[in-house]
Amino acid sequence: MDIRYSDDELAFRTEIKTGLAEIVWPELAAKVRAGSSLEKPEHDRFHAALNARGWLAGHWPTEHGGLGWDPVQRHIFDEELYAADAPRVVPFGLNMLAPVLMAFGSPEQQAYHLPRILSGEDWWCQGYSEPGAGSDLASLRTRAVQEGDSYIVNGQKTWTTLAQHANKIFCLVRTGTEGKPQEGISFLLMDMQAPGVTRRPIRTLDGGFEVNEVFFDNVRVPVADRVGAENAGWTIAKYLLNHERTNISLVGESTHALEQLKAQARQTRRRGQPLIKNPHFAARVIEIEADLEAHRITNLRMLSDAQRKGAPGPEVSMLKITGTRIRQAINDLARRGLGPAAAPFPSEALSGNAALAAPEHANAAARYFNNRKISIYGGSNEIQANILAKHVLDI
Amino acid sequence: MDFSPTPERQMVAESLSRLLAEHLDAERRRAIAYVAPWHDPTLWAHLCELGVPALLVPAEQGGFGGAGFDITTAFQPLGAALCTEPMLGHAMALAALVALDAPVSEDMVSGNSRYVLAIGEPDVPYGLDDLETTANRAGDGWQITGRKSVVAGAQSATHVLVAARHGDGGIGLFEVGADAIDLTAYGMVDGGGAAELFFDATAAHAISLEADAALTTALTAGLLALSAEAVGIAERLVDLTQDYLRTRQQFGRPIAKFQALQHRAVEMSLHLEQLRSITVRAAASFGTPDGPRHAAMAKLLVGRRGRLIAEEAIQLHGGIAVTWEAEVAHLAKRLVMIDAQLGDADWQSEMLAEALA
Ligand SMILES: Cc1cc2nc3c(=O)[nH]c(=O)nc-3n(C[C@H](O)[C@H](O)[C@H](O)COP(=O)(O)OP(=O)(O)OC[C@H]3O[C@@H](n4cnc5c(N)ncnc54)[C@H](O)[C@@H]3O)c2cc1C
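Protein chains in written order, with the working numbering: chain D, 14 to 408; chain A, 818 to 1174.
Keep in mind that the hints were calculated from the coordinates and are not lab data. Where hints are given, some of them may not hold.
Computed footprint of chain A on chain D; a stretch qualifies when at least three of its residues, placed anywhere within it, have a C-beta under 8 Å from a C-beta of chain A [unchecked claim]:
| id | region |
| --- | --- |
| 1 | 147–156 |
| 2 | 209–220 |
| 3 | 342–353 |
| 4 | 377–383 |
| 5 | 387–395 |
If you want a taste of the chain D side facing chain A, the calculated C-beta under 7 Å gives, among others [to be verified]:
| id | residue |
| --- | --- |
| 6 | 172 |
| 7 | 284 |
| 8 | 285 |
| 9 | 293 |
| 10 | 356 |
| 11 | 358 |
Every residue gets a Cβ at the ideal spot worked out from N, C-alpha and C, and that includes glycine.
Pulled out of the complex, with its shape left as it was, chain A reads as follows (with noise of 0.2 Å):
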């Protein structure tokens, strides 16, 4: 048994964590995330040319990973760097492409164009189960009618994939030009962009009319992707707290002498290591049978103990960590909001549940 990565994934692990920590420090990431358009071409296109887009392919389809591992390998580095850039939607809707099988152009593997996933409405935040927007035949075409909602990047997509219900019952997965939505932009709690797209008989063309297990699929991958970016969250807050408890000093020494700290610094480490051992676990899982149940539990640990860890990280630094200064509260914001996107813990919980019946 091994469980340090490649050489190969080391490299790619590495220099993106340098390209990020060159590109995006901390003042940079804040003038992005929260400003809009909430997104940065050039550390797009630089993530780009290092080859992000590409790791998260097969070799088949034109790129150079795919594998669980390459996911993590990307998303870990972005999530220590509080990276806003829109790479979730894009490689969620990379890995639903590859798992129809269906043509991935050259331009989505370069990432010169920025594909977004779009399955969440309103009412149905999570899940497929119970989509409501249509999609209709039209002539040769399709038209889809609805709204998605909160989806993350969608503000800077250049093409929208659209999970959508059509005339059968079953779930179909219709690509539609950004240009051709009607939406409302805007920025996140957490830094960041999304939109609400709204669909009114708007043309689409079908990819699939048979996409539930490829949405399985990329839903799958999203939540491993989240869990890796969890991971390196966790690990900075963990960092950060012990860090700021050595330093600071109150009734003469480092309050990191008090041993009720110590504990809760201890207990912050505990849920860390069940983090980076759940998200291994989904990652190797990530393309067998195990890999939607695998990712769901990471999903679920990273909701539960990321919040916790994300809290306790606040509380132990006091006051300074409410602050909009404070790399700390970024950190532990971002953390916090994971929870809420594809499934939050409760829901996990509740899919895992039904599988055990």
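Chain D on its own, in the form it takes in the complex (with noise of 0.2 Å):
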């Protein structure tokens, strides 16, 4: 066993990590620290800023454009986008919709679509669930009837993030009522700017605006606009699903965020000393960093099993369940340190006082709440631990 990264790995590192030192600026990381929601422009200049390295689509295929990197390279972009107090790369057009169109769709499609994904002309989101379709996906209800060379889609999406963005909606919509539910789903790229598309905000708990609904009335799609053969959505959909499931460990995002609560509590004073010294508290730091290190190898034991085997298996569930579980622990820690300070909404009202108002501080409580979503989203972590039982224990 050899549980370094190799020589070549670690060059890669630090060429990343000189790189997006160039690529971020100031205000951006600023932002990314405050948990501050980005604005449009600013995630397109970032993505634009990647895309001319190459780094937007590194784990593209070279055949599509990319640069191939398999996934403990992925890994380490991950960790040092976090490391750099990067923003997140949008994940719908890049990571969810590219390897279904690499993988099912046509080379009209392909050709089409992926380099509008990497220059940024297309923002995709990602029209899945429904009011009545969460957990049970395949439940889902909104409706494509095929008139001439046309699709007449009416229903609605929901949760559907960044949609106030997009200019394009990637749906799993139903073509066939025959058989079982999962066999009547079609998959269909849709224009959020055709006639009959409407799009509603929905605040979320802690006053963000993130997610929307989706309403489609009559809109007319072209049957070239539909992935893969009628009535195969489903098989599309699982295929995504994995893919979205290759990067949910999350370990960059918690390493980050629990470097800075630790900087968080040597700052905070408490009875005289800095609260990192407080017993109760550095007990819980401490819990989460051992949990966050057993995690870290267990996601790379399974990215190096991932990278032998071709592809991800049932037991990637475990990363979704522990790294929101790690995730979500250091948001409640980082708001149970900063105690009674971590209320005030917004936080810049504190302003007064340096040590409370700093960025990385501030908003602790909100970002807590909101985190929520991350054991919700993407199959629940109830939906998760079914698919282990299931496919991994198997009892």
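Take each chain as given, in its own frame, and dock them per the hints.
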């Protein structure tokens, strides 16, 4: 066994670190540290800067314009993004739709859409969930009925992340009612500007705007914009869910957040000494740190396994559960460490006090509440447990 | 032994719940709780007409209550309705004055004046031992210098009682008119308002120069009030979650049919029972030597189990619970944030541990 990174991997890390230091501008880093949401032009500028170095699609295969990074390189890149206070790459086009198009799209679809994803011309959002179809995605009811060379789409999607910025949406729609619900689903590429598409923002519990409802009222979609065969959408959806789950360990994000938490606890004074010296608090930090170290190795074990086998297996559901628990525990401790100073909302109100208003401490409570979402979306932790029980434990 | 409330308290609790149902539906609550000045004078007046402040004062000082169970009678319905009116600070100020046997004005008992008790500071959010705000003699009166931090309700108070250290090293209680204070007001993540209070040789009137014991009583009253508030919120979260499990359909059945979720709902109800009982314990001990210890235990369990109830309520609701429209989100936010008031769970367990030795 050799659990060290290879020399090539270490060199890769250095290259990424140096490059990101050049790419990430100070205002962007400050916003990321404060947990403020970014404007679309900021995302676009960041994506363009990554794309100029080929890193936006570093994990894409070379035949589609990527650099063919393996899962370990991809993980290193992810860690370095957080370490640089860079935002997360918006995943819907790059990490979700692109792999689907590469596996199931026609040559025309690939040639048209992939470059537009890279250039930022298209901002995609994910239209899967519906009010009645959350964990039970296969029960979705948005209907697509063929009329000549078009589908006419009616129905509603919800929880659509960042749809407010999107000009495109990929959707699962019902095209058949025969057999099992999974058998009548198709995968459509749709235009958010098409007549009959409306969106309504959903305000989240922390007051922010990141999710939306999207309504379809007799929206015409060319049959040519279906990916794969009619009624083959479920296979595609499952393939996509696997891709969505390759970066779910949150190791990079949690590592960085834990460092911030420790810095915060060194700065915060309680009973005449730094909070980090409080044995109660220190014990909690250390327990999270131990869990994170273990999780980091679990993640690398599963990554190198996936590298050998070509695809991740159902055991990666473990990464989602443990990863979200650790991330949420850090959020929880960051909020608690601030005590009452976590409560003002927005926390800029406390700007009279430099220690309290330092950006990395800002919004600790709002961020804790917002991050309750991570154990709900992308397949809730309960659904991940069901997958593990059935496909890994086989009980 | 009889665990049922007295008919009088039962009646007050019911009237209060009715009043809140009438004047503070979810929509109205959001319009008050998250918008400056984070306080509704009309609602405050209704609460006062019903006698909520008077319920917190013994008969000798002009009220009709003042016992531990009076505090819980008031705060549990206030919690269930997520009422953000600044009653906690007023209750603690009253408790401090009563404990000092200091005069309590009619305006204070009636609620015409709104008081807060300012104790916590930026580096000393909890407890009394390390307070840094000072009081110095100036002629006949006193001057306060220092900063009080995240004082809930201070943004709308008419009078502020300040805990400050004076020349002899003791902690005194001083009164300052709210107009005289340099104050930065803001809203809270869980609704309601608070303020930073900046004192710079601010003129004050001394109520007592030996206020340690009275402040401890006030803190005990505060912990009890917050625990009762938490019980009111937790009951609703448990109810709403069970209702949701029964009605939300996925995979062709109510999600309540999944045994994994049934057990989670049961865990929530076990936590709730613990909160109910420890709050009864603390209310019964209020005013006895065990009062502070039992109130600390209540707040300890509220901090730990309350957070679990809130997190589970969100998780079991799924996506709907992370929206502004969802009542469960606002209940969960308040229940979690109660931990950070007057000493969180870690603080309470430290205090209880010190008393063990
Ligand atoms: C912030 C946020 C962003 C999102 N972004 C997107 C997006 O961009 N695109 C998109 O399509 N969707 C998105 N989603 C939707 C997300 O995928 C769903 O919220 C998720 O699938 C859960 O569905 P639900 O919210 O309807 O909860 P439900 O499915 O109703 O679940 C409620 C509870 O029941 C549990 N449960 C359900 N079934 C079972 C079972 N069989 N066994 C045990 N427990 C069970 C769940 O785990 C949960 O605790 C987003 C959600 C959120 C909160």
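Structure-based check of each hint:
no.	hint	verdict
1	147–156	holds (count 4)
2	209–220	holds (count 6)
3	342–353	holds (count 6)
4	377–383	holds (count 5)
5	387–395	holds (count 6)
6	172	holds (5 Å)
7	284	holds (6 Å)
8	285	holds (6 Å)
9	293	holds (4 Å)
10	356	holds (5 Å)
11	358	holds (4 Å)
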